[in-house]
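Number of protein chains: 2
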Amino acid sequence: MHAEIVATGDEIRTGALIDSNSAHIADRLEENGVAVTRHTCVGDDLDYLSALFSEIGKRADLAVVTGGLGPTADDLTAEAAAKAAGVRLDLDPSALHSVEAFFKARQRTMNAASRKQAYLPAGAQCIHNPVGTAPGFCLKIGCCQFFFLPGVPAEMHRMLADAVLPQIIERTRNNRLFYRNRTLSTFGLTESRTFERLAGFKKIFPQIKMGLQVQFPAILVKLYASGTRDEQLNEDLAAAVRWVTQEMGPYVLSQQGDPIEKVVGDLLTQKRASLALAESCTGGLIADMLTNVSGSSAYFVFGGVSYSNQAKIDILKVSPETLKRRGAVHEETAIEMARGAREISAATYGLSTSGIAGPTGGTEDKPVGTVCIGLATPESTSGYRFHFWFGSRSMHKQMFASTALDVLRRELLGADPPRF
Amino acid sequence: MHAEIVATGDEIRTGALIDSNSAHIADRLEENGVAVTRHTCVGDDLDYLSALFSEIGKRADLAVVTGGLGPTADDLTAEAAAKAAGVRLDLDPSALHSVEAFFKARQRTMNAASRKQAYLPAGAQCIHNPVGTAPGFCLKIGCCQFFFLPGVPAEMHRMLADAVLPQIIERTRNNRLFYRNRTLSTFGLTESRTFERLAGFKKIFPQIKMGLQVQFPAILVKLYASGTRDEQLNEDLAAAVRWVTQEMGPYVLSQQGDPIEKVVGDLLTQKRASLALAESCTGGLIADMLTNVSGSSAYFVFGGVSYSNQAKIDILKVSPETLKRRGAVHEETAIEMARGAREISAATYGLSTSGIAGPTGGTEDKPVGTVCIGLATPESTSGYRFHFWFGSRSMHKQMFASTALDVLRRELLGADPPRF
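Taken in order, these protein sequences are the chains called E and B.
According to my numbering, the residues represented by the first sequence are -11 to 408, in order.
According to my numbering, the residues represented by the second sequence are -11 to 408, in order.
The reader is advised that the hints may include incorrect statements.
Heads up, the list lumps identical chains together, so a pair's fine if it works in one copy or across two of them.
Claimed, not checked - Derived SDA-like pairs: lysine to any residue, alpha-carbon spacing no greater than 20 Å straight-line:
1. Lys354 / Phe408
2. Lys46 / Tyr36
3. Lys104 / Lys190
4. Lys92 / Pro59
5. Lys197 / Ala89
6. Lys104 / Lys259
7. Lys210 / Asp33
8. Lys305 / Asp404
9. Lys210 / Trp231
10. Lys354 / Arg94
11. Lys259 / Glu43
12. Lys305 / Ser42
13. Lys46 / Asp35
14. Lys104 / Gly199
15. Lys305 / Ile332
16. Lys191 / Arg373
17. Lys210 / Asn222
18. Lys210 / Gln234
19. Lys191 / Glu223
20. Lys210 / Ala39
21. Lys46 / Gln258
22. Lys190 / Asp49
23. Lys210 / Ala23
24. Lys259 / Ser285
Hints in this document: simulated from the structure, not taken from any laboratory.
Using the sequences and the accompanying hints, generate a full structural model.
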């Protein structure tokens, strides 16, 4: 079973948009035992699209196509698929129902442009879109089964998981190779240091493929195994996860690949503890990360983003003397911010950041990339200073935010504070 | 002149890595007047690679290929190119010199694996790599001029700019087409409503191509023009930008494609005004967005993320009676939050959000997707309630955050508040 992936759209073709859909689809297909041989992107051009679909119809067993199903005139995928299959477009009652239901549920009336989305190639089966207006469809072209999905990632992810993968798994059931993988998330070592630490892996686990994936600033360790005995694969992978965890020590965030905000949230929940933040240079990013985790209201009580010194004094109760003597970017100031956030909100822990994300604002002894982190616990307070050298403001913000959360994570685990 | 782009490598093919190289190359080629017709990715497989190169050799004028030039056994690009061109691999003195120089400059000795990188297809011209060990090369296969570059982004970017683009520009010099584009950012209408509003565009500007791109929750209107007279293109595009602005009215955020946080920051700067936030359901996302703009410390003074009612009462001075009578998600509560944030930080404006991002927490009269927004100005306060139906917590957070900023943006412009 060989599969191909197609991304359509002028934004991707011209480089205005990076295609992340194809990687997601490839990952899900490979995980389910389907080998992906090729990805292709073409623009919103009827002839190029239909020529590509015909070409793939001759060489692949299965294809997943994203994009071009919307209501506008440059959404040409359905028309191109019909042309390649040699059929015409027909109003599909089930697709029309799906589009109508979307508008009805939102008490809005359907416009004429949206109705266009219900025209599918004759013989196609509609794939319901539970989160958007554009239905998908599946259609045989040549000897290849095509699945057409919208390009909006949230819609595509959902339809791929709910409708496409179950069909594909059903098709491959009889001579099934199992593909299993595990992902560990780590933080605090560079990619090459992580690679060095895990250099012995290949000898001990020759049957497992290991890869590193940067999900800045975290690094994911991905383990892949394939074979006909599912149980054996899972045992092998579990042993490999244990080995990686031992080699990496406290740099491992999660054996399930969870991000640091989820890991810290779980640790706080286990300890029935709560958290308050005082963010300066991270500007609300830590609060945003924490509150992206559903259920975070159980432990996250307050976050103060204090860009101005006056707000640090008035709201977070930082002493004007400390600010005057030490400046805004200093361990002592950070400690007072963390203590202030903890006290005004009656949280178990207070965590703070103050630093210089850049591109401007650096000085000789506090260059761009400097961050001070304060932690206040029920027993004590502590302050840290780190220095990073990334190329952009947003990379610095992300690194600062994860480092602050790592200070708290290691405190909650009873591990040593991070070092870089 | 039609170009194609190829990314090679199992990491990309299997979805472990998202390919950002192809978008970069497409962007640079299009900007230099070369139309990109297709991107393709295949894995580290000699037969697939050479078949693809032969295929492209028949249909394109120019191709840029990235990846597979390294020292390891799965780096097969040079061998595949030689196979497709029907030549053999030879030790290239200039490539050898380039690899040797790299090691010498770093006082390291060249290993045998690295020497492999100096074997290029007979007839290829070496492209020097100033930042890494793998040299690139150019080679004609069929009727197409191929440029092969390493997959490491920093190396590829540099070699593309220094060696590849100058050659391409030289080739296209005699019949040079200029490609120019403009991007407007908009917020508040769906993609299909935006399309309806701009339906007359094609008739008035037949020489300009218009496309919409969702950059959730904003929608970008992209205008593309090509021709031999650069000045005329810029005039035409300026007229088109004016027309789109007139048709879209206050839905246009920026004629330069700026995001809403930058637009609001610029308006605050113009008015010498400052802003404080009180975020509940957006959990710090608005603060994070605002502080991603360099220079935001000039107008953004304080942000309070108050998930708990107690923090709303103690820190943001919301009255316990209002919380008891109206609940946390209500226009009145939002107004008190905005007023509190403004007062404790002495900001010109206070802006607040309180709502239900989901996936749980909804009730019959306040379902998931409900957001209340409060605005406090020097003269008055106002509260709004909106309802959205997106599929995920993070989409709701993004929509709520942009809607709150849009309430403030329209206030600063003297326009009507947003409606959905």
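Do the hints match the structure? See the list:
1. Lys354 / Phe408: within (17 Å within a copy, 47 Å between copies)
2. Lys46 / Tyr36: Result: close both inside a copy and across copies, 16 Å intra and 15 Å inter.
3. Lys104 / Lys190: between (54 Å within a copy, 19 Å between copies)
4. Lys92 / Pro59: Close inside one copy (17 Å), not across copies (59 Å); limit 20 Å.
5. Lys197 / Ala89: neither (45 Å within a copy, 33 Å between copies)
6. Lys104 / Lys259: neither (54 Å within a copy, 45 Å between copies)
7. Lys210 / Asp33: between (38 Å within a copy, 17 Å between copies)
8. Lys305 / Asp404: Classified as neither: same-chain Cα gap 29 Å, cross-chain 39 Å, threshold 20 Å.
9. Lys210 / Trp231: within (13 Å within a copy, 51 Å between copies)
10. Lys354 / Arg94: between (53 Å within a copy, 14 Å between copies)
11. Lys259 / Glu43: neither (58 Å within a copy, 58 Å between copies)
12. Lys305 / Ser42: Neither: 68 Å inside a copy, 65 Å across copies.
13. Lys46 / Asp35: For Lys46 and Asp35, the Cα distance is within 20 Å both inside one copy (17 Å) and across copies (18 Å).
14. Lys104 / Gly199: Classified as between: cross-chain Cα gap 17 Å, same-chain 44 Å, threshold 20 Å.
15. Lys305 / Ile332: both (9 Å within a copy, 12 Å between copies)
16. Lys191 / Arg373: neither (39 Å within a copy, 61 Å between copies)
17. Lys210 / Asn222: For Lys210 and Asn222, the Cα distance is within 20 Å only inside one copy (14 Å; across copies 49 Å).
18. Lys210 / Gln234: within (16 Å within a copy, 51 Å between copies)
19. Lys191 / Glu223: within (17 Å within a copy, 65 Å between copies)
20. Lys210 / Ala39: Neither way: Lys210 and Ala39 sit 36 Å apart in one copy and 26 Å across, limit 20 Å.
21. Lys46 / Gln258: neither (56 Å within a copy, 60 Å between copies)
22. Lys190 / Asp49: neither (31 Å within a copy, 39 Å between copies)
23. Lys210 / Ala23: Result: close within a single copy only, 17 Å intra versus 36 Å inter.
24. Lys259 / Ser285: within (15 Å within a copy, 36 Å between copies)
In summary, the numbered hints that this structure violates are 5, 6, 8, 11, 12, 16, 20, 21, 22.
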